[in-house]
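Undergrad: Below are the chains, spelled out letter by letter.
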Amino acid sequence: MQERLGGSPRAAALPGRPVAAPGQHAWARRAAWVLGLGAAVALGLRLAGGFPERWVVDLARSFNAFQDWVITNQRTHPVFRYGLVPLKDLVNGSFDAIVRLLSRMTWFGLIATLSLISGAAAGWRKGVLAAVGFGSMALLGLWPESVETLALMVMAVVAALAVGIPLGIVAGRRPVVDRLLRPVLDGMQTIPAFSYLVPLVLLFSIGTTTALIATIVFALPPAIRLTSLGVRLVSRGAIEVAESFGSTRRQLLWKVQLPLAKPHIMLGVNQTIMMALGMVVIAASVGFRGLGRVVYNALQRRDVGEALAGGIAIVVLAVVLDRVTMGWSERDRRQRGVGSPRLGRWTLSRRAVWAAAVAGAVLAVVVGREVLRQQDFPTTWALSISEPVNRAVAWLTLHVSDVTEAMTGSMIRFGLDPLRDLLLGVPWWMVAGGAALAAWKVSRRPGLPILAFTCVAGVGLVGMWEISMDTLSQVVVAVASSVVLAIPIGVWSAWDDRVRRALRPILDAMQTMPQFVYLVPVVALFGVGRVPGVIAALVYALPPGIRLTDTGIRQVPRETVEAALAFGSTRWQVLTKVQLPLARPSILLGVNQTVMMVLSVVIIAGLVGGGGLGYEVIQGLSHDPGRGMVAGICILLLAIVIDRITQMMGRVRGAAPAAGASV
Amino acid sequence: MTVSCRDVWKVYGPRPERIVGSPQADLPRSELLARTGCVAAVRGVSFDVAPGEVFVVMGLSGSGKSTLVRMLNRLHEPTAGTILIDGEDIGALDADRLRELRRRRVSMVFQHFGLLPHRRIVDNVAFGLEIQGVDRTERLRRAHEVLEVVGLEGWADAFPEELSGGMQQRVGLARALATDPEIMLFDEPFSALDPLIRRDMQDEVLRLQRELRKTMIFITHDLMEALKLGDRIAVMKDGRFVQVGTPEEVVIRPADAYVADFTRDVPRSHVLRARSVMQPPNGAHAFAGDVSPETLLVDLLPILARSEAPLRVVEDGRAIGVVDRAAVLAAMVEDAG
Ligand SMILES: Nc1ncnc2c1ncn2[C@@H]1O[C@H](COP(=O)(O)OP(=O)(O)O)[C@@H](O)[C@H]1O
Ligand SMILES: [Mg+2]
Numbered sequence: 001m002q003e004r005l006g007g008s009p010r011a012a013a014l015p016g017r018p019v020a021a022p023g024q025h026a027w028a029r030r031a032a033w034v035l036g037l038g039a040a041v042a043l044g045l046r047l048a049g050g051f052p053e054r055w056v057v058d059l060a061r062s063f064n065a066f067q068d069w070v071i072t073n074q075r076t077h078p079v080f081r082y083g084l085v086p087l088k089d090l091v092n093g094s095f096d097a098i099v100r101l102l103s104r105m106t107w108f109g110l111i112a113t114l115s116l117i118s119g120a121a122a123g124w125r126k127g128v129l130a131a132v133g134f135g136s137m138a139l140l141g142l143w144p145e146s147v148e149t150l151a152l153m154v155m156a157v158v159a160a161l162a163v164g165i166p167l168g169i170v171a172g173r174r175p176v177v178d179r180l181l182r183p184v185l186d187g188m189q190t191i192p193a194f195s196y197l198v199p200l201v202l203l204f205s206i207g208t209t210t211a212l213i214a215t216i217v218f219a220l221p222p223a224i225r226l227t228s229l230g231v232r233l234v235s236r237g238a239i240e241v242a243e244s245f246g247s248t249r250r251q252l253l254w255k256v257q258l259p260l261a262k263p264h265i266m267l268g269v270n271q272t273i274m275m276a277l278g279m280v281v282i283a284a285s286v287g288f289r290g291l292g293r294v295v296y297n298a299l300q301r302r303d304v305g306e307a308l309a310g311g312i313a314i315v316v317l318a319v320v321l322d323r324v325t326m327g328w329s330e331r332d333r334r335q336r337g338v339g340s341p342r343l344g345r346w347t348l349s350r351r352a353v354w355a356a357a358v359a360g361a362v363l364a365v366v367v368g369r370e371v372l373r374q375q376d377f378p379t380t381w382a383l384s385i386s387e388p389v390n391r392a393v394a395w396l397t398l399h400v401s402d403v404t405e406a407m408t409g410s411m412i413r414f415g416l417d418p419l420r421d422l423l424l425g426v427p428w429w430m431v432a433g434g435a436a437l438a439a440w441k442v443s444r445r446p447g448l449p450i451l452a453f454t455c456v457a458g459v460g461l462v463g464m465w466e467i468s469m470d471t472l473s474q475v476v477v478a479v480a481s482s483v484v485l486a487i488p489i490g491v492w493s494a495w496d497d498r499v500r501r502a503l504r505p506i507l508d509a510m511q512t513m514p515q516f517v518y519l520v521p522v523v524a525l526f527g528v529g530r531v532p533g534v535i536a537a538l539v540y541a542l543p544p545g546i547r548l549t550d551t552g553i554r555q556v557p558r559e560t561v562e563a564a565l566a567f568g569s570t571r572w573q574v575l576t577k578v579q580l581p582l583a584r585p586s587i588l589l590g591v592n593q594t595v596m597m598v599l600s601v602v603i604i605a606g607l608v609g610g611g612g613l614g615y616e617v618i619q620g621l622s623h624d625p626g627r628g629m630v631a632g633i634c635i636l637l638l639a640i641v642i643d644r645i646t647q648m649m650g651r652v653r654g655a656a657p658a659a660g661a662s663v
Numbered sequence: 001m002t003v004s005c006r007d008v009w010k011v012y013g014p015r016p017e018r019i020v021g022s023p024q025a026d027l028p029r030s031e032l033l034a035r036t037g038c039v040a041a042v043r044g045v046s047f048d049v050a051p052g053e054v055f056v057v058m059g060l061s062g063s064g065k066s067t068l069v070r071m072l073n074r075l076h077e078p079t080a081g082t083i084l085i086d087g088e089d090i091g092a093l094d095a096d097r098l099r100e101l102r103r104r105r106v107s108m109v110f111q112h113f114g115l116l117p118h119r120r121i122v123d124n125v126a127f128g129l130e131i132q133g134v135d136r137t138e139r140l141r142r143a144h145e146v147l148e149v150v151g152l153e154g155w156a157d158a159f160p161e162e163l164s165g166g167m168q169q170r171v172g173l174a175r176a177l178a179t180d181p182e183i184m185l186f187d188e189p190f191s192a193l194d195p196l197i198r199r200d201m202q203d204e205v206l207r208l209q210r211e212l213r214k215t216m217i218f219i220t221h222d223l224m225e226a227l228k229l230g231d232r233i234a235v236m237k238d239g240r241f242v243q244v245g246t247p248e249e250v251v252i253r254p255a256d257a258y259v260a261d262f263t264r265d266v267p268r269s270h271v272l273r274a275r276s277v278m279q280p281p282n283g284a285h286a287f288a289g290d291v292s293p294e295t296l297l298v299d300l301l302p303i304l305a306r307s308e309a310p311l312r313v314v315e316d317g318r319a320i321g322v323v324d325r326a327a328v329l330a331a332m333v334e335d336a337g
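Chains A and B are the protein sequences, given in the same order.
The first sequence lines up with residues 1 to 663 when you count with our numbering.
The second sequence lines up with residues 1 to 337 when you count with our numbering.
With the rest of the complex left out, here is chain B (with noise of 0.2 Å):
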């Protein structure tokens, strides 16, 4: 596992160390606050990040999301609990140990951006670099090509100022990636930006993310965002997580109301996938198509809707199912009851 949690708690207040696993901790925020005057922003928070994985942490404003992503590279002190990356237990590292992980192996995009307004944009990019102590050459050469991979090569010499917010999070991500790293921590890097522009920069990380392959841990409120970026998804809700599970999993079987509540009105067709409707190889020979077993059914409906044959699901160059009108619509409208 590229990263690992485990028990992790972060409590703000005086004497923190009191709260944890204490049956206070369990208090509605507004009477643990009253009467202990501490927050507890994340209780009791376990979860496993392979590598290459997307891991969405998704809830609303307050519930933590922000305190656990900083706990990853120790922006903020987890109060309790370990947290490993590639086995190694991060809380006992020393300073320079610290700074070694976040200069080398997890960076971090943030909401607002955080580009630097004094540097030029190549400069910004180069920042990580910078700060590792690479020459100037070498770090401007490097920002450069990064710079190209986000498509602003043309804004080198800029300031960011001069740049959209959208652009302005391109550099964001740039920066991010220019040091290499193999986990990317994403602190709802798009909540600023546009709708439109949004879904482009989920496109875009969609993209890296098949070209790179990093651990990436990304932060969001917007659940769409959730379902489409995320490999699995962890709901939550007052410090803690509700629900962990594919996207198609937190749709169709929500863990409790709350994520019931969440996930109510999206289209099971924009989450559910070929696999999960498909019915075994059945002898029928005549198909529309093949299809991969992650097609989401939205994508299946034009095919299916042209043509009375189903279609067949092909993995590996192996057929390992067929999906038809009947079965898509089936799935679809179990939506209503």
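Chain A extracted, bound-state conformation (with noise of 0.2 Å):
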């Protein structure tokens, strides 16, 4: 691996680079492109800026008329009489069934159950774990949000795999259903989480459908992927063996390629919980109950407190959901290692656990229903933290708030309001095109650049050229600023193995996070508006950042840092010369991550006053759909070509380093 990526070309490839005359060169030709492109913007300035009014099409209204029409033909039509309106009614039929057999075992009872059922599949400690995390959403008060969340999790967590794992089995043996697959799931994890309701509001209206479908859709690509990528890397020398004794090809898949893809498997089922959990936070904004709701009607009511509770509600149901999963599945792993007859007679068989598990929860639900009597968390129980933390959030208000404010002001006057009057202030084509240079830099073919074009001339056709330049600038500066956070932590946790220790569990944490629970410091710190959203989004997308530039770096090999060092390198010219032009294409992979990651939280921080297209995707979910889907198309649109272009940034530069100096 480490061989591979540290690139012997490369390696070869730097000493020879800075040789006088071409250093000289790429020099002048950089100091020639800025300012032909400071020329460029001096002159776009001067030129009437922005998009075109009579060009744009009007797209809202066939929209609104399309979803007029759903509304109209609902009794009537076929596809609706007999396809989506029983679809809707199984769902919130099934929701329904599905709380209320849940609220039935009893708060005492579920729990106990949940934690049980934790402790057999991951050992006790996760249920442990399992019964704190779950037991403190009770004391906050919110148990029955947490088992509307719930329920509608299990729905669409059951709807993925079923789904996702045999689609995925599929398109591991077939190679040729990979391909096919692949630009869809591509397509699929481009898209910001926002967006996929909004067409789906368009059939089904706001509601528990809406909220499942979307869910679904959202957390089946982990699903597919991780099972897909577990079968096809089943090694070429199993599968012959098992072909060599004669198996079947379906004795093949299940004596050799489940069994060893298990692992895959497994980390696929936690990362679809995971994109679920998080999806159905953000369904409040199309109607849908549970811990999300609570956040949401808080957000907007800019109750601090009551958003935290329900944001630490949710961030520990991640946590829990995480750690079981991964432990189970780390369990299951070892347990091969652990034969039972060898840990001595007291060692109970999986199965006597299990047993003992299911008892203990019938016991529990008993105890509940019959002994405390109980369906919800008892009220006079539960503890208010809103109060306190109102109280906390005013106080901090009034002593850091010059500092927060210090901050927004000089955000947005040399941040935020430069760049968008920027990117407003010169023509559309000049963004567009611009677009289209980046795009033609990194990919040096006519694809990418028409597709940059395009999309970016999109923007402004369907009507939001300058909302959707409002949001450009709030993912530029955002991006700019994580990276510019991230690359000095990623180089000091490779330096100094304690920092990596101790930013480890922090950055789990945050990465088990769902982008939604985000907002609810930032607004406390910094009230509502556009820097709160910028904040929380180059946060939210630190970890990648870290992550990958800290690995980029472990990953030069050692020699190569010895050779600089035996040259009387000082540290800072190892870092420059060696270690980070080496690390470039984990560091490039980072930054693509760090964009996706930026875009989707400054869109979702139209919640908080971020505006933009955020904000008119929320205001579409529940007044005006039509535009809510326009704008929706615009985030599309915005996240192919960011997508597109920093993932090629990566590609092309890490693979070719001496292409561009020799042309």
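Honestly, the hints are just simulated from the structure, not real lab data.
Glycine included, every Cβ here is placed at the ideal spot set by N, Cα and C.
Accuracy of the hints is not assured; some may be wrong.
Stated by the list, open to error - Across the chosen pairs, the derived CB separations fall in these ranges:
#1 30/B with 28/A: 55 to 65 Å
#2 128/A with 148/B: 41 to 51 Å
#3 145/B with 501/A: 27 to 37 Å
#4 82/B with 83/A: 53 to 63 Å
#5 210/B with 563/A: 52 to 62 Å
#6 163/A with 14/B: 30 to 40 Å
#7 96/B with 501/A: 34 to 44 Å
#8 117/B with 300/A: 46 to 56 Å
#9 91/B with 447/A: 44 to 54 Å
#10 164/B with 331/A: 18 to 28 Å
To be verified - Here chain B is said to cover these stretches of chain A; the calculated rule only asks that three of the stretch's residues, wherever they fall, bring their Cβ under 8 Å from a Cβ of chain B:
#11 234 to 243
#12 254 to 261
Hints in hand, dock the two standalone chains.
TA: What follows is the structure, given as structure tokens:
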């Protein structure tokens, strides 16, 4: 791995590069570029800015007309009568049934059952974690909401796995299917969570069905991908063994491919669950209840205390689900080393553990129903944190507001506003041309520039130019700040194992938290507006930047570093001349991930006054779905451009460093 | 003949049939690849293996050995040629009959063991039987039996990762034996093992072969291993057999410079047998002892060193010749000349 990534041709090319003449050349060329761009912008600012009004196509009206048509024909058109309406009824019915079932287990019975299952699957530590976690959700006074969230999660995850795993298996065994699915999955993962909701609202209007389908679709890709990957990773040798003994294809699947792919499939289950949770809380914006709703409503009311309670419950749920599923998968992998006979006579077989867990669960439900006789967690036992939190926030606001206001002010004055003014000040074709130019520079093929130009122009055509440029300016500022923060932290962590160890749990926790939750603390500190959204986005996007910088630097072969040191390089020289250049592909991959994460949070920040496309989507979801749909399309167009360009950056530059210099 | 191959070819690449038998097939490998995009891994190989024979195919890495052995159970499809097993053309088998062949008549031992990490040792050994559909108790019983044969009965419930490489390959061997096939294919089974363990495993195979009399086709790149195990050896180079013969023939009369280069460092005493240096019975009656005609010279030397008297070569209770010190030494010094 190290050898491959270190890339001997690249390492070999390094000493050759600082030859004087081409170096000066490059410098001159760079200066020419800067001057050229500056001149172009100066010129552009004199021309009429923005997108010409008369070219705008009003898609919103058509979408709204479509929705009206759906609503009027709901009872009569066969597609609805025999398709969508029964589906809706089925979803609503099942959801209610699950909620009813979970509630009837009583809070005590349900917490005990979940903890016992976690314990049996992932070890008693994870069982305790689950008990504490679910217990604290009850203590926060959010038990009914937690049950609703759980119920939808169960439905979505079961459905996503039921579709995703078989599809992944087929894709893993048939390269054709894999090739067909890959672009679809790529596309699905490029789309920010919010954009999934709008088209579904057009069809199903707001409600549980929309939330469920959006969650299933959103959570599907990792299940498919990881299953397929796991199946494909089964070694040629293992398959040959099975074939040489005369396996049928079915035997090959069940006896070799699936068991060997199991760790990957379980990772897929874990990721599906985490994605589903992320979506289920966002589904509050299409009227779904549960924990997401608590945060959503509280944020709308600017009730930070209440939002924080909901946010904590979501984070706790995320952590419990993540750790329990990971623990389950790890244990399952280790289990084979721990044959039960060798642990002495006190070891229970797996089956006995499960039997005990089930018995305990039944007992707990009986206790809950017959002894405690409380269906919901008693409100008198719940701790309300919202009051004290709000007081603390008020205090905080008073004392740190100088700092936060200064930050907010300077970010707007020196970052967001100038950039937005610039983007809006030049004609649209200059922005689109800029995107195309960037695309050309990273790909050196005509396809991507054309795509970039078209997508950017498309944003103007559908009439969201100003709003999109607002969002774009937020994305750019957040990405730039996030990268500027992440790279030094990543370098530090690569240099010092203690830093890495200290960061690890923090980054793990950050990556477990659904994006929605990031809004809560920034609202507490920075109030509402564009800045809290940008800050939430940049913080949310830090972990991949840090991690991939760290990995990239650590993957630089030790000998290469030692060679540099042997020539008397300083640490700074080693970093800038050896480590960072060699870590570049990895760092650029981090940038790509950062960009996509930032985009999705900037959109969600529409909830807290971030404006831009996110606000349009949120408004659209409740008032004007046509307009929301158009905003969703714009998000998609921007996402495609940004994703493809940043992805290419990593690929082409990383692969052929000499290409740029020799042209 | 248990296994017969007639002019078997394997060409990888686009439209491989056109290469077979054409003049292009004689091009050097890199040139063929550059011109046609094809690799001729096996080129017109023919051989017969008798029941109970150990037939060793030896050659350097890339010479096409793995490809050849995989065509014998059609893990790879031959591009051209016929392969007969017990007179039956296996190229003509449909999927079901091919599976039957693999399940019951031909089994394979792999270079990197190919154990399934998620199964206990005993379940690995029972794998072939499980594929056949043998019920659980019966296949486990049989697996335990075979584990005993290879000396691993205590490890039935362990997992592959807990075993050393040599032990893992014993499991591989046991797995191949468990289905009681008539033909066993070995693809460099001991190449990944340390020399000492490799020797143990070779002895193990010889022992099993004495007891079970399977037909074995054994791939190796190690000449000493080939000489030790093979009844006959085929030396393979760039997809062709350059020589097929007994170990003695290969060492004493290498077919070309390539084989000679290979066998140059082999001490002749390790391949020559009493039969090839003995003289007809000559009336002498004081002997240092009786030996079989298959005894290697290296094993005669200690006895001849102790005594002036010659050795009597006895086959089926009949004296067929004598070997004396001079004859052995003469045979060995031909080495230098
Ligand atoms: N699936 C394949 N596709 C293309 N070429 C192959 C394939 N398998 C083997 N070869 C080529 O065929 C030649 C013989 O390979 P192999 O039979 O594995 O040799 P050996 O086992 O003697 O090392 C090699 O040059 C190898 O690169
Ligand atoms: Mg091989």
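Undergrad: Now look at each hint and say whether the structure bears it out.
TA: Status of the hints after comparison with the structure:
1. Checking the proposed 55 to 65 Å range against residue 30/B and residue 28/A shows it is violated: the Cβ atoms sit about 44 Å from each other.
2. Checking the proposed 41 to 51 Å range against residue 128/A and residue 148/B shows it holds: the Cβ atoms sit about 46 Å from each other.
3. One distance hint, 27 to 37 Å for the beta-carbon pair residue 145/B and residue 501/A, is violated here, with the actual separation near 52 Å.
4. Between residue 82/B and residue 83/A the CB atoms are about 58 Å apart, so this pair conforms to the stated range of 53 to 63 Å.
5. A C-beta distance of roughly 58 Å is found between residue 210/B and residue 563/A, which places it inside the suggested range of 52 to 62 Å.
6. For the hinted restraint 30 to 40 Å between residue 163/A and residue 14/B, the CB-CB distance of approximately 37 Å keeps it satisfied.
7. Roughly 58 Å separates the CB atoms of residue 96/B and residue 501/A, a value that falls outside the hinted 34 to 44 Å.
8. Between residue 117/B and residue 300/A the C-beta distance comes to about 53 Å, which sits within the given range of 46 to 56 Å.
9. Checked against the given bound of 44 to 54 Å, the beta carbons of residue 91/B and residue 447/A, roughly 46 Å apart, stay inside it.
10. Residue 164/B and residue 331/A have their C-beta atoms about 26 Å apart, which keeps the hinted 18 to 28 Å range intact.
11. For the segment 234 to 243 of chain A, the proposed coverage by chain B is satisfied: 6 residues have a C-beta within less than 8 Å of a C-beta in that chain, meeting the threshold of three.
12. Judged by the Cβ-Cβ criterion of 8 Å, the segment 254 to 261 of chain A is covered by chain B as claimed, because 4 of its residues qualify and three suffice.
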